[in-house]
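Protein chains: 2
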Amino acid sequence: MTTERPSVLQPEMPPTRWGDPAHAAGLPDGVRDLVGLVFPIQDAPALTDVAVPAPRLADDQVSGLRAIVGDDHVVTDDAVRRQRTRGKSTPDLLRQRSGDLGDAPDVVVRPASHDEVVAVLAYAQEQRIAVVPFGGGTAVTGGLVADPAGLTGVLSLDLGRMRGLLALDPVSSTATLEPGLRGPEAEALLAEHGMMLGHFPQSFEYASIGGFAATRSSGQSSAGYGRFDAMVVGLRVATPVGEVRLGSAPANACGPDLRELFLGSEGAFGVITEVTVRVRPLPEAKEYEGWRWSSFADGADAMRALAQSDLLPTVIRLSDENETAINLADPSGIGGEDRADKEGPGCLMIVGYEGAPAAVAAKRAAVTEALTALGGTALGAEPGEAWASGRFHAPYLRDSLLDVGVLVETLETATFWSNRDSLYQRVKAALTEALGDGTMVLCHISHVYPTGCSLYFTVAAPGGDDPLARWLPAKAAACEAIVASGAAITHHHAVGTDHRPYLTAEIGEVGAEVLRAVKRAVDPAGILNPGVLIP
Amino acid sequence: MTTERPSVLQPEMPPTRWGDPAHAAGLPDGVRDLVGLVFPIQDAPALTDVAVPAPRLADDQVSGLRAIVGDDHVVTDDAVRRQRTRGKSTPDLLRQRSGDLGDAPDVVVRPASHDEVVAVLAYAQEQRIAVVPFGGGTAVTGGLVADPAGLTGVLSLDLGRMRGLLALDPVSSTATLEPGLRGPEAEALLAEHGMMLGHFPQSFEYASIGGFAATRSSGQSSAGYGRFDAMVVGLRVATPVGEVRLGSAPANACGPDLRELFLGSEGAFGVITEVTVRVRPLPEAKEYEGWRWSSFADGADAMRALAQSDLLPTVIRLSDENETAINLADPSGIGGEDRADKEGPGCLMIVGYEGAPAAVAAKRAAVTEALTALGGTALGAEPGEAWASGRFHAPYLRDSLLDVGVLVETLETATFWSNRDSLYQRVKAALTEALGDGTMVLCHISHVYPTGCSLYFTVAAPGGDDPLARWLPAKAAACEAIVASGAAITHHHAVGTDHRPYLTAEIGEVGAEVLRAVKRAVDPAGILNPGVLIP
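If you read the protein sequences in the order shown, they are chains L and U. In terms of UniProt numbering, the first sequence opens at residue 1 and continues consecutively. In terms of UniProt numbering, the second sequence opens at residue 1 and continues consecutively.
Among the hints, a few may not be true.
Here are the computed distance ranges between Cβ atoms for each label pair [stated by the list, open to error]:
{"no.": "1", "chain 1": "U", "residue 1": "99", "chain 2": "L", "residue 2": "126", "range": "54 to 60 Å"}
{"no.": "2", "chain 1": "U", "residue 1": "486", "chain 2": "L", "residue 2": "362", "range": "35 to 41 Å"}
{"no.": "3", "chain 1": "L", "residue 1": "285", "chain 2": "U", "residue 2": "115", "range": "52 to 58 Å"}
{"no.": "4", "chain 1": "U", "residue 1": "425", "chain 2": "L", "residue 2": "72", "range": "44 to 50 Å"}
{"no.": "5", "chain 1": "L", "residue 1": "524", "chain 2": "U", "residue 2": "7", "range": "53 to 59 Å"}
{"no.": "6", "chain 1": "U", "residue 1": "7", "chain 2": "L", "residue 2": "310", "range": "52 to 58 Å"}
{"no.": "7", "chain 1": "U", "residue 1": "310", "chain 2": "L", "residue 2": "77", "range": "45 to 51 Å"}
{"no.": "8", "chain 1": "L", "residue 1": "14", "chain 2": "U", "residue 2": "486", "range": "41 to 47 Å"}
{"no.": "9", "chain 1": "U", "residue 1": "99", "chain 2": "L", "residue 2": "310", "range": "49 to 55 Å"}
{"no.": "10", "chain 1": "U", "residue 1": "115", "chain 2": "L", "residue 2": "98", "range": "37 to 43 Å"}
{"no.": "11", "chain 1": "L", "residue 1": "147", "chain 2": "U", "residue 2": "150", "range": "39 to 45 Å"}
{"no.": "12", "chain 1": "L", "residue 1": "126", "chain 2": "U", "residue 2": "473", "range": "44 to 50 Å"}
In the BS3-like style, the derived pairs of lysine-lysine whose C-alpha atoms are separated by at most 30 Å in a straight line are [to be verified]:
{"no.": "13", "chain 1": "U", "residue 1": "286", "chain 2": "L", "residue 2": "363"}
{"no.": "14", "chain 1": "U", "residue 1": "363", "chain 2": "L", "residue 2": "286"}
{"no.": "15", "chain 1": "U", "residue 1": "475", "chain 2": "U", "residue 2": "519"}
Calculated Cβ distances over 10 Å to all of chain L for the following chain U residues [stated by the list, open to error]:
{"no.": "16", "residue": "43"}
{"no.": "17", "residue": "51"}
{"no.": "18", "residue": "64"}
{"no.": "19", "residue": "73"}
{"no.": "20", "residue": "80"}
{"no.": "21", "residue": "102"}
{"no.": "22", "residue": "113"}
{"no.": "23", "residue": "127"}
{"no.": "24", "residue": "188"}
{"no.": "25", "residue": "382"}
{"no.": "26", "residue": "391"}
{"no.": "27", "residue": "434"}
{"no.": "28", "residue": "436"}
{"no.": "29", "residue": "480"}
{"no.": "30", "residue": "508"}
{"no.": "31", "residue": "525"}
Everything labelled a hint here was simulated from the structure, so no lab data went into it. Just so you know, even glycine gets a beta-carbon here, dropped at the ideal spot from N, CA and C.
Given only the sequences and the hints, what does the whole structure look like? Please build it.
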């Protein structure tokens with residue numbers, strides 16, 4: 001087939017906020033008043049366009065890059081450099097809001113093909129220019145903040161021109177996608193063929209196929225469709241020492257599975273230029289519903305029972321008591337006021353089914369029977385529909401809260417089931433202690449496995465005069481609690497620069513040396529996303 | 001818990017045959033006559049105990065090893081060295097039958113613990129002794145044939161004393177197993193707790209937990225329980241440069257998943273000393289049945305439809321026309337003689353369901369409906385039971401056929417569905433052409449994925465005067481056909497030394513250099529299974 005390209009492209013995100021500027025809005029008055037009951041309202045200063053630092057690259061370096069990808073695709077404008085600065089973590093946004101654009105790339109280069117990526121890498125290696133692959137720009141762990149020490153500058157390798165559906169194999173049910181496709185663009189291309197990928201992380205609207213692969217992303221439908229890395233059957237990667245093509249079969253015994261070495265490599269081992277994924281027929285039926293559990297522990301035990309029976313719906317997520325209360329604003333709304341009086345507010349679980357109608361009906365019947373037997377109360381479709389319609393909105397709300405001086409950030413981890421409660425308590429305590437009075441810690445479980453689950457925390461606290469200075473020690477305390485609990489330092493947000501200090505605790509000194517050895521082999525000049533991932 | 005150990009240990013296999021010597025038997029007269037209709041019967045010479053080469057290690061090296069693991073656990077007896085020579089491929093058996101024990105290890109060392117493994121590796125590194133980890137000895141691709149060039153000798157690191165269940169976490173449904181446990185021993189230990197692993201490759205009765213992990217094994221119930229690497233959630237590995245412990249959670253985004261680098265590392269990156277796996281409740285119900293398809297292609301399409309609908313039973317395997325005919329001896333037995341006359345012999349599919357009775361009933365109903373709609377004919381339980389009762393017997397039959405001069409070997413590959421038929425035809429043609437008149441090539445599909453499947457070939461041909469000399473070029477021709485087809489050089493038999501020449505075609509030059517870089521990092525002296533895996 002000839003390459004198919006999306007007819008509608010996602011808009012650019014501004015450097016200081018999430019998403020489409022047209023969708024940004026202040027807090028409605030009623031919500032603002034509610035927030036004001038909990039946190040001091042403190043309007044943030046109006047944002048200004050701060051100057052980015054002067055580019056470090058020499059003119060002949062810029063010319064050299066132009067010779068590879070064409071004049072139009074080597075950009076040194078401040079506006080574009082600003083847009084390619086850092087990602088979308090709260091620290092990133094706070095730095096940008098405060099006028100700190102110190103991590104701006106010196107130049108933005110937009111290759112159109114694998115071969116152009118190869119040529120840019122060769123030139124960057126020769127010129128000792130750091131290369132930061134840029135997909136959707138949604139990184140939340142500092143993955144776009146390369147350290148140019150010892151190099152001549154930083155090149156943001158913007159993959160936005162590589163947004164094609166390169167191949168579709170309907171017999172094998174696979175599609176080969178270019179890395180710059182944003183989530184909705186990839187889904188739109190596949191939908192023209194009646195297919196879908198089914199990867200819906202909260203960053204879905206802006207994050208890219210290459211980023212999903214490079215960070216081992218996991219989406220909201222992971223119970224049914226799996227993590228992104230589990231969808232990948234093939235990869236093409238450009239490295240400074242040559243090309244890597246992997247994936248001769250769905251699975252094999254050809255030694256270590258090197259796909260799993262480039263998945264999660266966060267731009268440090270190469271630039272992913274093609275991703276071949278399993279695709280599925282578009283679901284004819286989609287049903288989302290709510291369930292009430294008397295406690296977070298009871299709901300978690302029910303998730304565990306389903307996962308261990310291999311009886312998972314497409315979506316399953318459970319909010320703890322705090323998150324349930326905040327999301328509903330009226331906790332007594334779950335399961336009726338009487339019940340809330342007697343048993344506490346309870347916890348909301350969202351359960352979603354997608355697929356062919358008969359399969360959805362069968363799965364739903366089996367899951368309903370199991371959840372009922374485990375003590376859950378079915379709440380009907382309304383909470384499910386509410387979740388589905390708002391599933392990608394949280395980052396906009398964060399911007400609105402940052403606007404009124406409330407510090408909001410998320411972090412996540414994963415562990416085995418027997419360690420779930422201990423991990424939950426320890427991270428919560430670490431955050432509460434670090435941020436002090438008035439801190440709210442919410443948590444949900446959104447990814448489950450037969451042997452364990454993720455825990456996703458949302459923290460809100462008064463921002464004070466310097467919210468960044470308040471957050472960084474709290475994040476460190478949470479990371480230390482995670483490491484002390486023996487849990488994963490990240491379940492789906494990746495390592496970046498923020499988690500790099502904790503990676504050796506995760507993989508050990510020998511594991512760290514293995515990563516360094518691979519890095520030396522594929523990137524001898526150390527130009528690929530320096531400072532990211534590798535301990 | 002304290003370490004639990006199996007009460008019954010699997011017996012040792014003889015160096016020239018598979019399995020328990022008590023189970024070995026010549027061909028029954030009727031079968032011998034049948035075989036004689038197809039192949040020239042040519043009784044192989046009586047086996048004799050051939051002398052093994054003189055050990056190369058110096059006495060003080062043997063003493064050094066004794067100081068680590070104790071006098072009783074450093075063995076230089078010819079009988080034991082013979083038992084630890086090579087694996088169980090047909091070339092291995094033919095070499096041993098012909099008296100070639102040139103690959104015998106110089107010494108067999110039996111550590112009792114991770115710490116003893118660490119100490120042995122340190123000593124071996126200092127003394128430049130090659131270390132070949134030995135689990136069950138069932139390797140079929142030369143994984144136990146280290147090349148001692150540049151080293152002082154070869155040490156077989158026999159993990160047979162490390163046969164413990166170290167931990168069981170019933171909440172997380174995980175078990176931590178030592179590497180020397182054979183399949184039935186591990187299952188017996190878990191069964192005492194009502195649990196099972198569910199990994200049943202044909203080598204199940206003798207293969208070891210460490211070997212399953214080191215070779216990315218896949219078992220006959222992979223449709224329901226997954227490949228072995230998919231069951232692993234944690235690993236402990238001893239390397240010459242230190243210990244590696246991996247697995248803080250079922251899945252994570254902590255960079256590349258290094259578990260996947262040590263899974264499939266075939267002893268070349270370290271010695272796996274602990275494996276933590278997902279376990280499951282013992283199934284209350286087990287049902288196996290047969291289905292008839294008019295052709296291999298129709299049956300394969302049905303498997304594909306099930307896999308792509310995420311509607312797989314626990315076991316699903318499909319024999320091609322040749323394998324169906326041979327296995328049944330009477331092809332008209334499938335689906336009735338009338339049907340065979342009209343439509344040809346057809347192909348037999350085995351479908352198995354295991355689990356809780358209600359889940360088995362529900363899955364069976366859904367699969368039955370799907371297979372019927374796809375054109376399959378249900379044959380009832382008898383073919384399923386026959387398969388289940390004979391599922392581990394094929395290697396004994398191979399011995400009996402080798403005894404009467406028939407060359408028999410297997411090989412396997414995997415590919416995406418759209419390439420299945422082309423791969424099948426090319427490998428079959430390559431084998432038939434290489435081995436000439438009277439060659440029978442049988443094939444089955446026993447591992448399926450949404451995007452593709454494995455192909456497992458059994459070849460039988462007249463052995464002639466030098467069956468090894470006949471087989472090696474045929475194997476090379478099959479490997480070249482696989483590589484030319486873009487398929488995986490092995491789906492579950494691993495790389496070893498036999499597939500090493502083809503690995504670079506699989507992973508590319510950069511992939512090969514990545515493996516070499518990791519090897520240098522974890523095994524700077526090159527003592528770990530030298531000559532195996534690494535291109």
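Each hint tested on the structure:
no. : hint                      : result
1   : U:99 x L:126: 54 to 60 Å  : 59 Å, holds
2   : U:486 x L:362: 35 to 41 Å : 37 Å, holds
3   : L:285 x U:115: 52 to 58 Å : 56 Å, holds
4   : U:425 x L:72: 44 to 50 Å  : 49 Å, holds
5   : L:524 x U:7: 53 to 59 Å   : 55 Å, holds
6   : U:7 x L:310: 52 to 58 Å   : 31 Å, violated
7   : U:310 x L:77: 45 to 51 Å  : 48 Å, holds
8   : L:14 x U:486: 41 to 47 Å  : 45 Å, holds
9   : U:99 x L:310: 49 to 55 Å  : 51 Å, holds
10  : U:115 x L:98: 37 to 43 Å  : 53 Å, violated
11  : L:147 x U:150: 39 to 45 Å : 40 Å, holds
12  : L:126 x U:473: 44 to 50 Å : 46 Å, holds
13  : U:286 x L:363             : 22 Å, holds
14  : U:363 x L:286             : 22 Å, holds
15  : U:475 x U:519             : 28 Å, holds
16  : 43                        : 35 Å, holds
17  : 51                        : 35 Å, holds
18  : 64                        : 24 Å, holds
19  : 73                        : 26 Å, holds
20  : 80                        : 29 Å, holds
21  : 102                       : 25 Å, holds
22  : 113                       : 19 Å, holds
23  : 127                       : 22 Å, holds
24  : 188                       : 22 Å, holds
25  : 382                       : 28 Å, holds
26  : 391                       : 20 Å, holds
27  : 434                       : 22 Å, holds
28  : 436                       : 29 Å, holds
29  : 480                       : 14 Å, holds
30  : 508                       : 6 Å, violated
31  : 525                       : 15 Å, holds
Hint compliance for this structure: hints 6, 10, 30 are broken, all remaining hints hold.
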